[in-house]
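S.K.: Sequence lines, in order, name chains A and B. Quick note: the first sequence, position 14, residue 14 per the working numbering, numbers continuous. Quick note: the second sequence, position 131, residue 131 per the working numbering, numbers continuous.
Just so you know, these hints were derived from the structure itself, not from any lab. Among the hints, erroneous ones may be present.
Since the list can't tell identical chains apart, any single copy or any two copies may satisfy a pair.
[To be verified] When the alpha-carbon atoms are kept at most 30 Å apart in a straight line, the in silico DSSO-like pairs for lysine-lysine are as follows:
| id | residue 1 | residue 2 |
| --- | --- | --- |
| 1 | Lys191 | Lys160 |
| 2 | Lys40 | Lys99 |
| 3 | Lys67 | Lys99 |
2 protein chains.
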Amino acid sequence: MTNVSIIGMGNMGEAISALVERGGHTVQKLTRQDASVPVKGDIVVLAVPYASLDSIVAERGEQLAGKTVVDITNPVNFETFDGLTVPADSSAAAELAAKLPNSNVLKAFNTNFGATLATGKVGDLTTSVLIAGDDQDAKAQLSDVVTASGANIIDAGSLKRAREMEGIGFLQITFAASEQIAWTSGFGIVK
Amino acid sequence: MTNVSIIGMGNMGEAISALVERGGHTVQKLTRQDASVPVKGDIVVLAVPYASLDSIVAERGEQLAGKTVVDITNPVNFETFDGLTVPADSSAAAELAAKLPNSNVLKAFNTNFGATLATGKVGDLTTSVLIAGDDQDAKAQLSDVVTASGANIIDAGSLKRAREMEGIGFLQITFAASEQIAWTSGFGIVK
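From just these sequences and the hints, can you work out the full model?
M.R.: In structure tokens:
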């Protein structure tokens, strides 16, 4: 059994908790107010907005050494809604990995709206979680947790692919914001 | 009735022809060998690989003035399979638009595998075609052709969004190349 710590108990944190627990794994739920509570999980999901990543690194950087750290953020420029705030050839996940050199950083869940993780369905489709990262053991560990919930995983490749995954997450948000899709559905993958 | 010229009769050209004709619109089918045959359509789909766009511009740039020109390419670096060949802050569509300043360039169809356009289905889902572009009339014209076929359209915004659409197209190709999805299925959108 894998213990997963989730930092951030908003819509996404709750949805990922539901996914983990559905698969029979355990969750340590931490809010941003729990900064003094040590993370216990082997996998730590940072279910916070992009703007909060730096403070998490400052508060918990040393605790996260040796752990699998999952970045789920979409660094959308919410002022212009016309692009991402990270450099075009980078990604939020690449930035985080540079700040946590002793952690195994993965990108996952950012292309899924919360409801599709909580239920395991996008409409009638099984939810697919894209995972990118450079450490194969870390990917396998997270993949086991996701597939135990009944969701599919797609190995999106190295952490470089976070760039394209953040592009998908951004587009999906714009489609929902423009009311072309529901915030409870969105991209699905037919294998 | 809209007349659509399609240049390039490979898998994608044939699939887009099938889509257009299913909606009751007409297609002028042109291969790369038909360089001397003038395009007649109001919409011209360049169903060719990224590497062929420059020669199309050289052969037909003047003919394409005033027309809606659809770029469907995914400028994947097929040597490394580790990124796109266009600059990170640009896209194949942005490059094409710069070379065809008197045409209304749209990005579309690059996130759909051919079979999903030919049949209108991704598994049990209705195929969704993402369209990005800066000219609203051109987008409406192409949207009418696509929706007449029974497929859905998603307005992905300005031509800048071609960057993220090419990221989706690239990821989808890597998922199929790594046999995680079929070349006949892939991304779908649940509204």
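S.K.: Since the copies are identical, ignore which copy is meant and state whether Lys191 and Lys160 lie within 30 Å (CA to CA) inside a copy, between copies, both or neither.
M.R.: both (23 Å within a copy, 29 Å between copies)
S.K.: At most 30 Å between C-alpha atoms: does Lys67 with Lys99 qualify within a copy, between copies, both, or neither?
M.R.: within (14 Å within a copy, 49 Å between copies)
S.K.: Can you tell me if Lys40 and Lys99 fall within 30 Å by alpha carbon in one copy, between copies, both or neither?
M.R.: within (20 Å within a copy, 56 Å between copies)
In summary, this structure violates none of the numbered hints.
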